[in-house]
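> Spelled out from the first residue to the last, the chains are:
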Amino acid sequence: MSAAPVLDTAVDAQSPISVANRMAMLDLLAEHDALVAAAAAGGGPAAAERLRSRGRLPVRERVSLLLDRDTPWLELSPIAGNQTDFAIGAGVVLGIGVISGTECVVVANDPTVLGGALTAVSIRKVERALQVARENRLPYVQLVESAGGDLRRMGAGEGAAAELRRSLDHFAESGRIFHDITELSARGIPTISVVFGSSTAGGAYQPGMSDYNIFVRGQAKVFLGGPPLVKMATGEDSDDESLGGAEMHASVSGLADYLADDEHEAIRMARDVVDHLHWRKSGPGPTELANPPVHDPEDLLGLFQLDLRAPVEVREVIARVVDGSRFEEFKPGYGTTIVCGWASVHGFPVGVLANNGVLFSDAAQKGAQFIQLCNQVDTPLLFLQNITGFMVGRDYERGGIIKHGSQMINALSNSTVPHVTVILGASYGAGNYGMSGRAFDTRFVFLWPTAKIAIMGPKQLAGVMSLVRRGQAERRGIKVDEEAEAAQNEAVEEFAEAMSLAVYATGRGADDGIIDPRDTRHVVGMALSACHNAPVKGAEGFGVFRL
Amino acid sequence: MTPIRRLLIANRGEIARRITRSARSAGAVVIAVYAPSDAEAPHVKEADLSIALMGSTAADTYLDIGQILAAARETGADAVHPGYGFLSERAEFASAVLAAGLIWVGPPPKAIAAMGDKLSAKRLMSTAGVPVLPTLEIGTSDEFYALPPDMRMPVIVKASAGGGGKGMRVVTASEELPEAIMGAQREARAYFGDPTVFVEPYIADARHVEIQILADDHGNVVHCFERDCSIQRRHQKVIEEAPSPTLDDKQRRAMGAAAIAAAVVTDYRGAGTVEFVVDPSGEFWFLEVNTRLQVEHPVTEAVTGIDLVREQLQIAAGLPISFAQDDLAIEGHAIEARLYAEDPEAGFLPATGTLLEWTPPTDPNVRWDSGVETGSVVGVEWDPMLAKVIAHAPTRTEAALRLALALSRLRVRGVVTNREFLVSALGHPQFLSGQATTDFVRSTSVALARVPSHKEIVTAVGVAALVGQSMRVSAMPVLASLPGRWHTGALPASSTTFAVGGQIITVYYERQRDDSFALTITGGLVDDPLSEPVSSTARLHTYGSGSVHLEIDGKRTVAHVACQDSKWWVQTEQGDLVLEELPRFPEPEVPDIVGGLRAPLSGITVQVAVDLGTVVQPGELLMVIEAMKMEHRVLAPYLGTVTELLAVTGDHVAGGDLLVVLEAEV
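Chains R and Y, in that order, give the protein sequences. Start counting the first sequence at 1; every next residue gets the next number (my numbering). Start counting the second sequence at 1001; every next residue gets the next number (my numbering).
Hints were generated in silico from the structure; no laboratory data involved. Remember, predicted model here, so these are calculated numbers, not experimental data. Note that beta-carbon positions come from the ideal geometry of N, C-alpha and C, so glycine has one too. Misleading hints may appear alongside valid ones.
What the hints assert, rightly or not - Ranges of calculated distance between the beta carbons of each label pair, as one might list FRET restraints: (1) P1492(Y) <-> A30(R): 16 to 24 Å; (2) D239(R) <-> P1618(Y): 50 to 58 Å; (3) A186(R) <-> D1611(Y): 56 to 64 Å; (4) Q1512(Y) <-> S167(R): 41 to 49 Å; (5) R309(R) <-> H1549(Y): 45 to 53 Å; (6) V1648(Y) <-> S167(R): 55 to 63 Å; (7) G1379(Y) <-> S185(R): 53 to 61 Å; (8) D239(R) <-> P1492(Y): 30 to 38 Å; (9) Q1512(Y) <-> G218(R): 56 to 64 Å; (10) S1602(Y) <-> E127(R): 38 to 46 Å; (11) A34(R) <-> A1664(Y): 57 to 65 Å.
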């Protein structure tokens, strides 16, 4: 067990500001819970009841039965699709869970949402599922019941032409999921499909590319062309069962490996398949004592003000996330706006990088050094973001802030140990990059409800735009209409603020979901455990550091 | 005087262990014998030496005098204690032991023989002035029976060589007597090889009171007061006590004197028991002498403070009894219950199984004499008694309650027992008032089994569900330090379904942030209060070795939990409940077509022998399927009419395909 010092705390959970922050945080969490519930409701209770009346199970019951009893479940992007034209949750359940003692990626269609048809958001979730399986070497299990591609045109009422001009999607770029499924297989990561219903046309390749196929008798329907298409193409009369029923595939075509008499049996068979994989995690650990923090995670609710104005001592967060609140700090007196040090989460050793203010040159250099040290000894990295960006200003530019920031971004971009990032508050501009944002091959990114992710703060953005407008007016010799300018300024700020919010980001699938701050330790622990299914190996070389 | 240094115990089970305790205290090496099925029995493990007996039945093992004497020779035993049952009352065994030059811990063979025949015993007792009931002796060929003038109906027919209720018949009308006598004779011949029977008056509402006696080689004869055995089932005692709740001191003295007279007239040695029948007026008559240590001897030990086995060993060694009659007094009250592996609801039929757990409580002043331990197999070959439990207390009521509580707190799993019956009998008003008679089970509404309350069921399933979850959580091979079913996003509540006494009950549980659980319990029968879901907040506190506290809405229930495979035992102060956990993945129900006959394998239909509407006899040919150059004939399994034909000659059929629907003729 690590003998690292135990962090102290100065939090007064009963102080008026803590209490007020906590109330505001609980409101945000309630809002998020409602969105999760809306996603989980899928096509609504009537649709679920219709399913049940036919002896079939709602998607989350399928998932729950698939998982080992009482084991944890990390659902990813549960409210993807929020604040879009697509269904919230996108009719897909995605997560990491334990099946027959093995951590697996599970992705499941909700047949009550558009019959499980794949929309742009659901494809994003499936692609993300495949990426998680690939990067972390997790067996991949899909519970398939999908009407196929969503053939509807979006943007009704606005004119299809405008929609088409705006959309950059094209069919020619689709189908990547089929590539990715078989790529998993080639990399030695088993893929298992359980087909509960339709999986037709392109969807037929979901089981087609899988290593193991389990079909439910009388329910699974897998064919390239359904009876209408066959009639059109060849004039042949046919029916669903003879074209692509479970019994046919299990006894004639050989597409099904296991024929289940009902959904329970199919799920049990999938569990048996995972069991016989005898999956061995390639990474080490957990190796450290996984005792809970000595400070109460409840306090995490009261740390952040919603407007992110007040500075937050990030060690108070670390003290409520890491095992036993033990933290061995690196360079505590240098580059003090970044806190670096060693700890463990649920027994997995991590190097922690956490913001305690804006990034200056010294802080960036400290971060770059720390990332290299962790890579040297194969220690995963945990980033706790609350960063308004790198410092700007003449002195800082002259002092080489770009150069020093680049050193940090170089180190983390070429770092090969797993990165897990939690965005606690601000995540603006290059600060998001330097602290391992989504685009930097970060294995998992989670948001606190208070997270705000944008190119810059909304007020700064509105102010910059205003200054630009004033400049233009001045050059053209036009007098600024102050009232109109103020209104526009306010509108821009409001818009930028809305676009920076966690619920907006997660609706786009730009992260792995919003989490309850009190769950941070468990979320990070599960993410790290998932990462340790793959070898954990530090980088042997970095890009040329601009010194 | 010849001290006993090496004692062979020719018995098994609890009595062998009980004798071992006193023998070891007396400094004797203990030698056990055992039948093959007892190889792992506690009485063998506790002995210093043990000898295997060849054979499987009782007759081939514990009743085989030759083998037992050979074992004594081989181990250098200097004494043999027969315990009770088996060879304990066989005069020829006692003689053989003595003939082999060993000490026999028991009465002289002559006394055993004299008391083994009830008729001769009665005759002998009347000569000594011991009160006996009038007797009608029946020869083997008598055809007409006239009751003597001092005998009126009802009467009882008994086998002279009998015991244990066998060959015994109560007769209420004279015309039934001849048949009863013939029946008793048949039974007596079958069980004891001796058809001699006799008739004596039947004492209604009788109590059996027995006096413990001890006699030594120095002319000392003492009695150790009485034992009362009023609760029986299937003519066997299950609850016994000392002193008798109905005897006064005068009667006690009179019966004690009669018992001593009986001992003197038979020239008795060692421990014995003189049984009397007592009518409601208090008048008593001699019944028989049991020439051995009784099963129920511990109640006497409890109230007198003496060790009867020690006295037996002392007397056998030629020493005097270690106390005089005047030294004895009755201290408090003791009750013994016999815990059997049997099912009271099934007419007290013996039950078998493996004891998955046997943990008697460690309550003070409760003595457990048992022959089993955790893991013991209770089979059909030996007596199904698991233990005798004896409570000693200042008063009878305290003793009864203490005994009932100890029985309730026993953890016994894997075998059906009469525990609940004993507990309800001990708490029954008629027993507590001291008025219980031999027909207690028949004449009262004493519960044979416990009917659990809904509240108890709710608690038990809640305990089992949460203990199950905590067992699974602690066995997680990955993510072991995370709380059970912690999750992000949304998942349905976890659930476990149990079958409890014909009810199907599901417990839904969700861990809360404070590690409590939101519980919802649903199920039960239609008109059952459990059909309304019960929701509560529960918290489980575990204390190791199966002991848990379940706190439901602030109320704590102490429970002891065990599980094996799908079976759960949850024991609370209200008793033990057995739950069956239903599988998470039930076998699929494949709806079969009534009367449908399916292809036995894949092949080609080469012949269809019937048409729609054909009526076929059982075994008649319906179709022939050819596969791999072999013909397979599909035959009618019963008389019926062909209502559907799904294949014609030349069709390819797959194994399991429906071929013919045959509607059964009624």
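> All the hints need checking, so say for each whether the structure fits it.
Status of the hints after comparison with the structure:
{"no.": "1", "hint": "P1492(Y) <-> A30(R): 16 to 24 Å", "result": "21 Å, holds"}
{"no.": "2", "hint": "D239(R) <-> P1618(Y): 50 to 58 Å", "result": "37 Å, violated"}
{"no.": "3", "hint": "A186(R) <-> D1611(Y): 56 to 64 Å", "result": "58 Å, holds"}
{"no.": "4", "hint": "Q1512(Y) <-> S167(R): 41 to 49 Å", "result": "45 Å, holds"}
{"no.": "5", "hint": "R309(R) <-> H1549(Y): 45 to 53 Å", "result": "48 Å, holds"}
{"no.": "6", "hint": "V1648(Y) <-> S167(R): 55 to 63 Å", "result": "56 Å, holds"}
{"no.": "7", "hint": "G1379(Y) <-> S185(R): 53 to 61 Å", "result": "55 Å, holds"}
{"no.": "8", "hint": "D239(R) <-> P1492(Y): 30 to 38 Å", "result": "35 Å, holds"}
{"no.": "9", "hint": "Q1512(Y) <-> G218(R): 56 to 64 Å", "result": "40 Å, violated"}
{"no.": "10", "hint": "S1602(Y) <-> E127(R): 38 to 46 Å", "result": "42 Å, holds"}
{"no.": "11", "hint": "A34(R) <-> A1664(Y): 57 to 65 Å", "result": "58 Å, holds"}
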